[in-house]
Amino acid sequence: MLTELAVKDFALVESVRLHFGSGLAILTGETGAGKSILLDALGMALGDRVGAEAIRHGADKARVEAVFAVDGGDVRLKDALETAGIEIEDDLLILAREVSSAGKSSVRINGRAATISTLRAIGESLVDIHGQHEHQSLLATERHVEILDAWCGAEVEKPKAEVATLYQKASDAAKELETLRADARERVRTLDLLSYQCEEIDNAAPRTEEEEELLNERTRLASAERLFASAGSAVQALRGAEGRGAKSGAVDLLGQAVREIESATSFDETLQPLLETLQSALYAVDDAARDARTYRDSVEFNPQRLEEIETRLDTLKTLKRKYGETLEEVLRYRTEIGERLETLTNAEERIAELVIAETKARGELEKSCAKLTKARQKGAKPFAESILRELKDLAMAATRFSVSIEPKTPGRGGADAVEFLISPNPGVPLKPLAKIASGGEISRVMLAMKSVLSRILSVPTLVFDEVDAGIGGRTGTVLGEKLANLSHTAQVLCITHLPQIAARGARHFQIEKRAESGKTVVSVRELDGEMRVREIARMLGGEETETVLTHAREMLAGK
Numbered sequence: 010m011l012t013e014l015a016v017k018d019f020a021l022v023e024s025v026r027l028h029f030g031s032g033l034a035i036l037t038g039e040t041g042a043g044k045s046i047l048l049d050a051l052g053m054a055l056g057d058r059v060g061a062e063a064i065r066h067g068a069d070k071a072r073v074e075a076v077f078a079v080d081g082g083d084v085r086l087k088d089a090l091e092t093a094g095i096e097i098e099d100d101l102l103i104l105a106r107e108v109s110s111a112g113k114s115s116v117r118i119n120g121r122a123a124t125i126s127t128l129r130a131i132g133e134s135l136v137d138i139h140g141q142h143e144h145q146s147l148l149a150t151e152r153h154v155e156i157l158d159a160w161c162g163a164e165v166e167k168p169k170a171e172v173a174t175l176y177q178k179a180s181d182a183a184k185e186l187e188t189l190r191a192d193a194r195e196r197v198r199t200l201d202l203l204s205y206q207c208e209e210i211d212n213a214a215p216r217t218e219e220e221e222e223l224l225n226e227r228t229r230l231a232s233a234e235r236l237f238a239s240a241g242s243a244v245q246a247l248r249g250a251e252g253r254g255a256k257s258g259a260v261d262l263l264g265q266a267v268r269e270i271e272s273a274t275s276f277d278e279t280l281q282p283l284l285e286t287l288q289s290a291l292y293a294v295d296d297a298a299r300d301a302r303t304y305r306d307s308v309e310f311n312p313q314r315l316e317e318i319e320t321r322l323d324t325l326k327t328l329k330r331k332y333g334e335t336l337e338e339v340l341r342y343r344t345e346i347g348e349r350l351e352t353l354t355n356a357e358e359r360i361a362e363l364v365i366a367e368t369k370a371r372g373e374l375e376k377s378c379a380k381l382t383k384a385r386q387k388g389a390k391p392f393a394e395s396i397l398r399e400l401k402d403l404a405m406a407a408t409r410f411s412v413s414i415e416p417k418t419p420g421r422g423g424a425d426a427v428e429f430l431i432s433p434n435p436g437v438p439l440k441p442l443a444k445i446a447s448g449g450e451i452s453r454v455m456l457a458m459k460s461v462l463s464r465i466l467s468v469p470t471l472v473f474d475e476v477d478a479g480i481g482g483r484t485g486t487v488l489g490e491k492l493a494n495l496s497h498t499a500q501v502l503c504i505t506h507l508p509q510i511a512a513r514g515a516r517h518f519q520i521e522k523r524a525e526s527g528k529t530v531v532s533v534r535e536l537d538g539e540m541r542v543r544e545i546a547r548m549l550g551g552e553e554t555e556t557v558l559t560h561a562r563e564m565l566a567g568k
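Take the working numbering: the last position of the sequence shown gets the number 568, and nothing is skipped along the way.
Please note that a few of the clues may not be correct.
[To be verified] Cross-link-like lysine to aspartate or glutamate pairs, in silico, EDC-like; alpha carbons within 16 Å at most: (1) K178 with E367; (2) K383 with E171; (3) K369 with E171; (4) K440 with E428; (5) K70 with E107; (6) K369 with E544; (7) K70 with E23; (8) K329 with E219; (9) K331 with E209; (10) K326 with E209; (11) K326 with E220; (12) K329 with E221; (13) K522 with E544; (14) K329 with D211; (15) K329 with E209; (16) K326 with E490; (17) K87 with D69; (18) K376 with E544; (19) K383 with E415; (20) K87 with E74; (21) K17 with E98; (22) K329 with E218; (23) K444 with E151; (24) K383 with D211; (25) K417 with E367; (26) K522 with D100; (27) K326 with E221; (28) K326 with E218; (29) K167 with E373; (30) K167 with E151; (31) K417 with D211; (32) K184 with E367; (33) K184 with E337; (34) K528 with E23; (35) K326 with E337; (36) K326 with E219; (37) K417 with E428; (38) K167 with E375.
Worth flagging that the hints you see were computed from the coordinates, not collected in a lab. Computed from a prediction, not measured in an experiment: that's the story for all the values here.
Kindly generate the complete structure, drawing on both the sequences and the hints.
Below, the structure is given as structure tokens:
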């Protein structure tokens, strides 16, 4: 609900700050006092179109700030805030807007810069201003079906859910069909490309570990001569060179040392440990010599194999350049394009399936739409009768009201074009609600609807301007009762000239226009106690006699 409205240099208002609470707030004043200026200022804060002409004479800019206490459970408001990326702090929403003399507008929502369209979207979920077409959300034809469905309640819930589900199925099938059919030529090109890529990878048949294995083998083959020479030198050092006059190797020399020490042990047994050490060394060196010879003989001189490895590595490098940084990624890509290739190959079969699916969904959708239409038609008449009963209380007994339900192309919400029609005067044909000329009649129709639909109100603040135009007496009293009842489920702000309505308010603000230092200014003050009694007395008319004051006190006491 609206908790605070601050207006500075707007129209004839120099500076005003008003505090509101729940319930019914009344705004009154003499004719021509500028009562609607506050609503215009609130409209500016909600995103209404405002130009430099709204700035008070002598000022360089106009500023309006509206503070709302908000409920985090309001889905409509929550969606609007999420779309704009705005967070609520301490359950407060502050809408601030400035208009410069150059006509430029700046908006801040909770201190964050925003656009007019964002402000308008959020404002529509916070306030309905009746009496100004810009905020009469109930006049938007697209909302009429929502209102009727809310009235019908459970009767339409099931068929409406079925319609939404079937419409989504049909739409999904149609969308996929459109894509497949529109991309037929592109599909052929993609098929050719994917087939080539699959064939290229399959022909190469890479393995995840293959590249590392080939690199190691290439290193060995490229170093074959050096490996053979090194192993040969090791064999020669251990076994000795072959041929007459060749030097002995480590094995021969260790053998000679073993024989010498073995002979000496017969003279000195303390040499036995040394003998065992030499024997162990001889065995180890002999084994090493044998291993070195085996490795030397196994070294492969194979230039052809080396060339094969280089060719294979080039092939793998090409695959990685095209399809992934590693062979693992290449193989993963092969799996992905294989699946895509299968989908594209089976496209014609898929098209046939989708045609059947869409046809079936459309048929079921048509049946569900018929059920939904029937439920709406069933609820339309009692809904219209309820509205007419309310209008009768509001001095519109001759009014005719009807709900038009015409067929339209099936959509997510069904196949019904719902529109409210009204004839406020005898002999006048029923016309769309939005085409009613009288602001007072519009406001009373809105009030009737709000009274009927009070259980499903989604906008927390309702503003009525000229709701009492052309009525008085008993009808004015009934109107006051209805506004008071409506304020139990929503915050209501009402500009009125009827004391019967003004006396019902939980808060009462008086708007005055006066000359000050050669300038005309509009001021606003909250009334209580005797000041409020005097304002009600003024509205009752005539002189301020004790009788009139007593009547005013009785009206306030009887609210």
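Review point. Which hint numbers doesn't this structure obey?
Key: Of the numbered hints, 6, 16, 17, 18, 20, 21, 24, 25, 26, 30, 31 and 33 do not hold.
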